[in-house]
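> Residues per chain, in single letters:
Number of protein chains: 2
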Amino acid sequence: MGSIVVDVMLKPEILDPQGQAVGGALPRLGLHGFTDVRQGKRFVLTVDGEVTDAHLSAAREAAETLLSNPVIEDVVSVHTLDAAHDTEGTERADGQGDAQ
Amino acid sequence: MGSIVVDVMLKPEILDPQGQAVGGALPRLGLHGFTDVRQGKRFVLTVDGEVTDAHLSAAREAAETLLSNPVIEDVVSVHTLDAAHDTEGTERADGQGDAQ
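Residue numbers (my numbering), protein chains in the order written: chain E, 1 to 100; chain C, 1 to 100.
These are computed hints drawn from the structure, not numbers from a lab. Careful, some of the hints might be misleading.
The list makes no distinction among identical chains, and a pair is therefore deemed to hold if it is satisfied within one copy or across any two copies.
Only pairs whose alpha carbons sit at most 16 Å apart, straight line, appear in this in silico EDC-like list of lysine to aspartate or glutamate [said to hold, decoys possible]:
1) Lys41 x Asp82
2) Lys11 x Glu64
3) Lys11 x Asp48
4) Lys41 x Asp53
5) Lys41 x Glu73
6) Lys11 x Asp74
7) Lys11 x Asp53
8) Lys11 x Asp82
9) Lys41 x Asp74
10) Lys11 x Asp36
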């Protein structure tokens, strides 16, 4: 059973009050060093069996037509969910490696 | 200028009416083959300069305390945003490779 992840974010020029609220709350919780916060959406589409090119193609069409509003949002990513990379621990290690 | 991505999803046992609505709409748009849709949140935290371990540690704390409700939500990923991997095209290629 495969899954496809679609990430949708507001376009950079669109104000994001939710993200701003989070960004304002972080220092009050003692968490410093963040200059900006943006909030977007993450969809996980599950398919029967393995993810095929047809599934990815349908997911991309869904991302553009149903999951995002092209006037104010960008589809930033449509990709297969790799279970091994979607656990917090693994991503942490990868993330640190990618920081360079 | 680095960025950290925090992905938050509802726990599997929590009903997701938004995701169900999307899942019900897909076949009406002619997009078949999806058995389930779940909707979650994606936060992008921007930091000055490169992402350090301290930033990641603060982001993980923010993810658990402010960005998610631990009663109903899981933090599925806290990782550095790799610009090269967050474009639709690149993720597509990677995603297909990861499908195995």
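> Honestly, which of those hints from before does the structure not fit?
1, 3, 4, 7, 8
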